[in-house]
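The residues making up each chain are set out below.
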Amino acid sequence: MKILTASLFLLFGLYIHAQSTINGLVLDEKNRPVMGANIYLEGTYDGGSTAEDGTFSFSTLETGTKSLVVSFLSFETFTMAGDVTYMKDLTIKLKEDVNALDAVVLSAGTFSAGDNSKVNVLKPLDVVTTASALGDFVGALQTLPGTTTVAEDGRLFVRGGDAEETQIFIDGIRVFSPYTPTTNNIPSRGRYSPFLFDGITFSTGGYSAEYGQALSSVLLLNTIDEPDQEKTDIGIMSVGGTLGNTQKWEKSSVSVNASYINLAPYIALFPDRNDWIKPYEMASGETVFRKKTNSGLIKLYAAFDATNFELIQEDINFSEGLRYKLNNKNLYVNGSYSGVLNDTWSVFGGGSYTRASNKQGIMERNINSVDNAFHAKVKFKNRVSNRFKIYTGAEFFSTDFEESYGDETINNVNYGYKDNLAAAFAEADIFISKNLAFKLGLRGEYSTVFKDFTFAPRVSFAYKLSKASQLSMAYGNFYQNPSSNILKFTQDVKSQNTSHYILNYQYNADRKLFRAEAYYKKYNDLVKYSGYFPSFQSVFNNDGYGYAKGIDLFWRDNSSFKNFEYWLSYSFLDTERDYQNYPTAAQPNFVNTHNLSVVGKYWIDKWRSQVGFAYSWASGRTYTNPNKAGFLNETAKPFNSLSLNWAYLISPQKILYASVNNALGFKNVNGYQYSNTPDMNGDFNRRALRPAADQFFFIGFFWTISDDKKSNQLDNL
Amino acid sequence: MKHLIIIAAFLVSFISHSQTNYEKGMQKAFQLWGSNQSTEASNLFERIAGAEPDNWLPPYYAAQINITSSFGERDKEKLAQQLGKAQDLINDATALSKNNPEIMVLQALLHTAWVAYDGATYGATLSPKVAQLYAKASQIDPNNPRVVFCKAEWDMGSARYFGQDTSPFCKDIERAIELFANFKPETPFHPNWGAERAEQVLNTCKK
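Just so you know, the sequences run in chain order A and B.
Per our numbering, residue 1 is the first one in the first sequence, and the count goes up by one each step.
Per our numbering, residue 1 is the first one in the second sequence, and the count goes up by one each step.
Pairs of lysine to aspartate or glutamate residues, derived as EDC-like cross-links and limited to a Cα-Cα distance of at most 20 Å, are as follows:
{"no.": "1", "chain 1": "A", "residue 1": "Lys251", "chain 2": "B", "residue 2": "Asp92"}
{"no.": "2", "chain 1": "A", "residue 1": "Lys606", "chain 2": "B", "residue 2": "Asp118"}
{"no.": "3", "chain 1": "B", "residue 1": "Lys76", "chain 2": "A", "residue 2": "Asp557"}
{"no.": "4", "chain 1": "A", "residue 1": "Lys467", "chain 2": "B", "residue 2": "Glu77"}
{"no.": "5", "chain 1": "A", "residue 1": "Lys292", "chain 2": "B", "residue 2": "Asp92"}
{"no.": "6", "chain 1": "B", "residue 1": "Lys24", "chain 2": "A", "residue 2": "Glu62"}
{"no.": "7", "chain 1": "B", "residue 1": "Lys136", "chain 2": "A", "residue 2": "Glu250"}
{"no.": "8", "chain 1": "A", "residue 1": "Lys467", "chain 2": "B", "residue 2": "Asp75"}
{"no.": "9", "chain 1": "B", "residue 1": "Lys24", "chain 2": "A", "residue 2": "Glu42"}
{"no.": "10", "chain 1": "A", "residue 1": "Lys606", "chain 2": "B", "residue 2": "Asp155"}
{"no.": "11", "chain 1": "A", "residue 1": "Lys512", "chain 2": "B", "residue 2": "Asp75"}
{"no.": "12", "chain 1": "B", "residue 1": "Lys76", "chain 2": "A", "residue 2": "Asp97"}
{"no.": "13", "chain 1": "A", "residue 1": "Lys434", "chain 2": "B", "residue 2": "Glu77"}
{"no.": "14", "chain 1": "B", "residue 1": "Lys98", "chain 2": "A", "residue 2": "Glu226"}
{"no.": "15", "chain 1": "A", "residue 1": "Lys512", "chain 2": "B", "residue 2": "Glu77"}
{"no.": "16", "chain 1": "A", "residue 1": "Lys562", "chain 2": "B", "residue 2": "Asp118"}
{"no.": "17", "chain 1": "B", "residue 1": "Lys76", "chain 2": "A", "residue 2": "Glu96"}
{"no.": "18", "chain 1": "A", "residue 1": "Lys606", "chain 2": "B", "residue 2": "Asp165"}
{"no.": "19", "chain 1": "B", "residue 1": "Lys78", "chain 2": "A", "residue 2": "Asp28"}
{"no.": "20", "chain 1": "A", "residue 1": "Lys95", "chain 2": "B", "residue 2": "Glu77"}
{"no.": "21", "chain 1": "A", "residue 1": "Lys488", "chain 2": "A", "residue 2": "Glu403"}
{"no.": "22", "chain 1": "B", "residue 1": "Lys76", "chain 2": "A", "residue 2": "Asp510"}
{"no.": "23", "chain 1": "A", "residue 1": "Lys467", "chain 2": "A", "residue 2": "Glu96"}
{"no.": "24", "chain 1": "A", "residue 1": "Lys562", "chain 2": "B", "residue 2": "Glu73"}
In short, the hints are calculated from the structure, not lab data.
Just chain B, same shape as in the assembly:
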C-alpha cells in the first residue's frame, strides 16, 4: 500500500514537472477563479502577465475578472478604480495582439459596465463606442460565438429600451449557441466562455 502511495506521489510530481510554469500558473489561476477567489486569480493572472510579456491572454483574463466583478458595484470610486485597472490591462493585451475580436468584446463589456452603472450619464457617450466595437469585431471574425452572442445581447438591451421587438436577436443567440458548440479554442487557455450565459439568455427568449 505504502509503495502505491509513493509511486502515485512520484507520478503526480512527475506529471506536474512536465508542465511548464505557464500552464501550471494558468491552471492555478482558473482554479482560483472557479472557487470564487477572484482577487487571488486576478493577482495571479497579473503575475503571469509580468512573466510572459509577449502573451495577451494573462492580461485579458485579469481584465475580464475586474470587469465581471464590477457589474453590480454601486460605489463609483471603487468602480472607477476597478474599471480603470481593467482598461490598463486591456491596453496591455491590445498592444500584444492588435485587431483581436476577443479583446474588442472585452472592451465593449467594459463600456457596458459603465452604462449599466449609470445609463443616463454614460449611455449617450459610450453606446456608440460599444456598437462600433461589435461592428468591427464581427467584421474581422463573423463566426466567433462570443462576438455573435455579446453583440446580440447588447442589441437586445437597446431594443428593449426602445420598446422594439427583441425576437430577431433571439435567432442570433441561437446561432451563437451553435457556434459555441463547434468552437475549438486555439489552446486550452484561449477564451472559451459564454455558452452557459447564452443558454440563459435564450431561455428568456422562450418565455
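So that you can see chain A by itself, here it is in the shape it has in the complex:
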C-alpha cells in the first residue's frame, strides 16, 4: 500500500516537474501596480490575471520559446518572446496607450462636433436643435466663440477675418460655393443639408498643413459613412417641402434628397421691408452613394440647386429703390476613396467639380458669370507606431472664371481669369507620452497666375496639466489667393498672408467643458485697390496689412441640471486692417468687439418636447459718417436677439417643429447708408440698415417612414 501511495506521489511529482511556473509583477510607467491585466502565452490556454498588487503567477506545460503577452485597457499591449523556463520574477512595465480617450488632444484653435472626436463642443444634434440656427450648420457654429455677428450676411466671419477667409471642405475636398446665393441685407445659409454630415470640425485658427487657401479658418464636414437603415423622410414646412429616401444593400447605399423652398406665401402673410417682385424660390437635389470595398470606402456626393428671385430694396440714392434680380444654378460633385494599403499605410484620394452660374440684374446692368472649379487631392498616412504618424499628400486646384457685363451703354464685355494652383504638404504627429504631443507640418503652394511659390510652416503642441485639463499652443503661416472679385480685373497681384499665434487652455470633466483661447493674428500682403469697387480702372497692389488679437471663452455644461444643457460663448476682438479701398487702417465694419451667445435646451419628458433658446448680444459695428472727418468713424448700437424653438414628438416618427427668431422683437440696426450727395445744408442724409424683417417664424411637420417605425427626423431639423 505504502509503495502504491509513494509511487503515486512520485508520479504526481514528475508531473509537477514537467510544468514551469511563470510569475512576476505588472506596473505602469509610474511604478504603480496594474490590477486585472490579462497575461498569457500567445496561442495557448495558459495565463492569468494580475492581482491587486500587480502580481501574477500561472503554470504551463509549454516548453521552448513562446510569446508572453500582457494586455490591459488603456495601455499598449506588451509582448515578450523567450524561453518559458526563464519567465520568472518578471517585472513588466506597461506603456500608456496614447490613443486612449484621456490622452492629450492637439486642439488649439479647433472645435469638434460628432461622436468620434475626443472633446466635443457640439453634439451632432446641436446643429439642428439650436434655436437660432434654423437647421443651418453655419447658424449653429455662429454660437461658438471666435465668430462675429454679421446678421445681415449669414456667412462665417472668424477672428477679424472677412467671410472669404473661411474655407469649407466636404470629406476633405474643397467646396467652392458653400453658401446659398443672396443679395444685400438678406442673410445666406449653408447650401448643404446638415443631416448628410456626422462630423464637423471647425478650426478658428492654427489648423493643419493639409488645408490651405484660407487666411482665417477652415470648416471640415464629413458625410455619413453608412446610413442606419432604409427610410423615407417627408417634410412639410411653412416655407416649402422636402422629400428624402435611403436605400441600403449589403455593401452599398444610396440616399437622395430633394427640397423646394418658396417664400411667396410667407411674404404674403408677413410682408418685410423689401418689395418682392419674385419672392425667393429654390429647388435643390442631393444624392450620396457609398460603397464598401474589401479594404476601403468609396463615396460619391452630388448636389444641384437652382435659385431665383427679384426684388426692389430701399436705397437712399434711388428714390424708386434699387432693383435686383438673381438667377443662380450650382452643381457640385464630390467623389472620394479612402482605404487601407497595409498594416501601416492608408490612402485617401478624391476630387470635386463645381459649376456655378450666376445671372444678376442690378437696375439696368446685367452681370453674368460662370465659375468652373476643380479640386483633386491625394493623401497618404503612415502609422509608424502608435506614437508617431506621418501624413503626406498633394493637391491641385483649378479655377476658370468668366464674366460678362452689359448696360445701356456697354454692350457685353467679357473678361475672366484662369488659375491653377498646386500644393504639397507633409505633417507628423508625435506623441512623447500620453501627456505631451506635437504636430509639425509644412505646406508648399505654387500658383500659375502669380508664378510664385509660398511655404507655410505649421506647429502645434499640447501638454496635459492634470487629468482634466490641458494647455495647447499653435503657430502657423497661411496663404490665400485674392478672390475672383479682384482676379477678374487683374492678375498682377500676389498671395495674401497671415500668421497665427494661439494659446489655449481646456478643462473637460464630468460632461462640463471650459476653454479659453488667446490669439494674435498678423495680416500681410492684403490686396488694395483704388475706387469704390474693384474695376478695370482700379490700381491694385499688395500693400494692405492688419492685425487681430483677442480672447475666446467657451463654457458648456451638460450635467448640472437634469434634462437641461446650455453653453456660453464670449469673444473679445481687437482688430484693425488697411485693405481693399480703405484710406487708412481701421476696424472693419464686419467686426464686433464683444460677442456673447447663450444657448440652452430643455427636454420635457412629460410633453415629449424639447424647448430651446439662443440669445446673442454683440457690440455695435463701425460705419463711416461722411458728416464727420475720418473713416469708419462711428459705431452703431449693439445687436440683440433671442430665438426660441420647440420640437414636439407627436409619435416616434412624427415631429412638429416651430421656431421664432428675435422673439422679443429687438429693433436691430446693422449700419447706416449715407447718400452720395449732400443736401442743401451740406449734410449727408442717412438711412438705417434694418434687417428685412425683425422676426422670422417657422413651422414644420416631419414624418419618417421606415421598417422599424422608430427613427425620426429630429436630426434633420
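Chain A is fixed; fit chain B onto it per the hints.
Quick look at chain B alone, frame taken from chain A:
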C-alpha cells in the same frame, strides 16, 4: 478509506483529462463569471479566443462581459474603453461567423449601453441602428428566444418613452419565455442566456 480517496482522485483526474482544453477553459471561465470574477472570466475568454482562432464563442462572451459590466458605469472614459474593447471583440466574432443573430443581439446591446448612459446624446444616432439590428436578426432567426426577448424589451423601452401602451410587447415576452423553455443550444457553450431576465420583465408586465 485511503484507497477510496485515491481512486476517487484518480477518477477525477481521469475525467478531467478526457476533456479537451477548450471545454476545461470554457467551464472555468463560466465558473469565474458565475462567482463574480468578471475581469478574470473576460481575460480567460480572451485567452481562449487567442488559442481557438476559428471559434466565435470566446470573443462573444468576452464582449458580453464587457458590455454587461458597463451598464451603470458613469465614468465616460471607462465606459468608452470598455465598450471600445467589446466592439473589437464583437468585430472578431463577426469575422468568424457572419449573419449571426446572436452576435447582432450583442451588438444591439452594446449600442443600448451608450443610449442608457446618455440618451440625449446617443439616442438619436444609435436608436435606428439598434432597431435595424433587431429587424435583421429576427429576419434570419424569428424563433430565437434572445432575439424575440431583447427586441421586445427595447420596443417596450421606446414605447414607454413615448407614453404608448407597452402591453403588446408583453405578449412577445411571453412568447420569448416559451421559446426559452424549448431552446436547445447547439453545444453546452452556445448562448443560452436570457430566460431569467425575461421572467423578471414579464413580472413588471403583470403589475
